[in-house]
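Okay, here's what each chain looks like letter by letter:
2 protein chains.
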Amino acid sequence: MHLDELVSRIGEVDARVAEAARKEIDGKTKPQGSLGRIEAIAVRLASIYGEVAFDTMPRAVVVLAADHGVARRGVSAYPSAVTAQMVHNFAAGGAAVNVLARQMAARTVIVDMGVAGEHRWPPSVRRCALGAGTEDLAAGPAMSEAQALEAIGTGAAIVAELVRDGCRLMLTGEMGIGNSTAGAALTAAFTGRGAAEVTGRGTGVADAALARKIEVVAHALARHAPSAERPLATLAALGGFEIAGLVGVVLGAAAERIPVVLDGFIAGAAALAAVALAPRARAFLFAGHRSAERGHDAALASLGLEPILDLGLRLGEGSGALLALPVLDAAARILREMASFASAGVSGPSG
Amino acid sequence: MHLDELVSRIGEVDARVAEAARKEIDGKTKPQGSLGRIEAIAVRLASIYGEVAFDTMPRAVVVLAADHGVARRGVSAYPSAVTAQMVHNFAAGGAAVNVLARQMAARTVIVDMGVAGEHRWPPSVRRCALGAGTEDLAAGPAMSEAQALEAIGTGAAIVAELVRDGCRLMLTGEMGIGNSTAGAALTAAFTGRGAAEVTGRGTGVADAALARKIEVVAHALARHAPSAERPLATLAALGGFEIAGLVGVVLGAAAERIPVVLDGFIAGAAALAAVALAPRARAFLFAGHRSAERGHDAALASLGLEPILDLGLRLGEGSGALLALPVLDAAARILREMASFASAGVSGPSG
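Just so you know, the protein sequences line up as chains A and B, in that order.
Just so you know, the first sequence maps onto residues 0 to 350 in numbering that gives the first Met the number 0.
Just so you know, the second sequence maps onto residues 0 to 350 in numbering that gives the first Met the number 0.
Source of the hints: derived by calculation from the structure; they are not laboratory data.
Misleading hints may appear alongside valid ones.
[Unchecked claim] Covered stretches of chain B (in silico footprint by chain A; criterion: 3 or more residues with CB under 8 Å from a CB of chain A, positions within the stretch not fixed): (1) 9-23; (2) 27-40; (3) 65-79; (4) 83-89; (5) 94-107; (6) 302-313.
[To be verified] Away from chain B, derived, C-beta distances all over 12 Å, residues of chain A: (7) Glu4; (8) Pro57; (9) Glu149.
Fair warning: this is a prediction, and the values are worked out from it, not measured in the lab.
Ideal Cβ placement from N, Cα and C applies to all residues, glycine included.
Bound-form chain A, shown alone:
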């Protein structure tokens, strides 16, 4: 995959269509602005799709899974084996992401980006592993730049295939014991915040493990001296195979001119890397929700995204992106289906 080529395919969203969508909404039978953020979301979606009467169906949540060398340092409440167990759970349809994807009529695409151990995955799990998990990011780079590029290419290729298959919207999902440590390191690197500001409890570690996790992140930042100016090197040093894959999902969707709904903290870290690589990708992003994970706010602020939901979620998997999806669907339907003052014979304001 040539990253430059992928980045060069990302264009601007269509400002003229945005204007047409705004005009269309203002003619609908409701007081101006009374649908609040639904209206702004409708306008942004129209500018991405390049048409006012767009559809957000079909869509897919891409759930990338991988293990993390840094998990050996006791930064998670769960053992690394849970990554593989959860991939089996995804394949069996029993996880939160499956339940919510069924509800929201999204396809679920499960990808092994580098789960540790030997596995007999069911056929629904795509085998794109770059290794048996990353190296320990506190001891050296998590992966090589070549691996980061390969993971980005995998994410982008999956999106391209789904788009060829008709998908019109992507949602990010992930699973990886230890990945909130990688997410915190990336968030710190790309936002300039300190380790303590962006490192949270992840799956729910207690105080001692949180202190250790902050120390690990601080140590990794000191060791690698990452920079937002060298996004690929930073991603390779501090990321994960699934996080680099999500960078590819974001860049791939932007290249295909379709919106991406980000899930929470890990997705935010991936989006920071993606936008550092390709600033134009930012216009294709929606933040599904504000995660309860410390550090997500810093990522959202840096990305300039206001989350759609704020429900105290901190699960990942794509759950918060899926839960926000009906709001985007509503925006699409309001534009397509709602009557205008003229067509419905409704009077406008008196004044």
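Please arrange chain B on chain A, whose structure you already have, making use of the hints.
Same frame as chain A, now just chain B:
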């Protein structure tokens, strides 16, 4: 309708089922608490339905429409004729509530509770008018207590019929030019706030009309000296036919042991009256969203409800209740469909 009888039918929610639902959720394949408010919503819904494996389908949004004598004082940006025009728009399926009800698979029940003028409604509009709109609440009581009781009875009877027909969840909707003035007066009366604190721009009045609206509300409060201790008299003095009908929807749903998702500011005012009449009804309420209308926060605080969405909506019709519905559906599905650690063979926390 005997109000006492309706109120006496409202029972307590089931604390033991709540506990069972909490235990069920804690066994699901996710870190404890990681689904945030979805978990608390699931527990509350279970306690209302009295079962852990409940369904939120089928459901209906009850859209009550009526006119307001106070509209003659220039408190709205739109003429009263818009109430009837919008009822026709609802019947034709072109309004925001129709679009969102289709998306969320909710039935739309449209009710003329007292729209001014002579109308040839299509058959889908229920004719329950108590008059050609209320009297001017700033000049005298908006309606008699007998009318308020009748409207409550109508709302409760519609719910009872829908429940017999299989509905398992109600959403409130309304339309009535001038009703944000009535809603502000009721919110002030039931929360003890001043007119200026709870009176907003409604459909979007400019500064001069807003000042007039605040004066009208203050005048009505001074004239009627309403009290939360005499809720029926307060509702009659300051309410609207559709607002009193919504009080009936809330009480009727609570009596039938099904949840009610409130829309915004007008629904909040109705809920304040309902809870003053029957404090047990509170446990059956969900606030769909935080309205942009000034005064809604006061109602939510008094009701002790945290809104599910916060999208700057101020349309009414039921739009904000419908948009929140997928979150309740998700709570139901998580309880019913998600795998447990035991069933999926996933390890628990290491510690």
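*Would you pick out the hints that fail for this structure and give their numbers low to high?*
Hint 1 alone not satisfied by this model.
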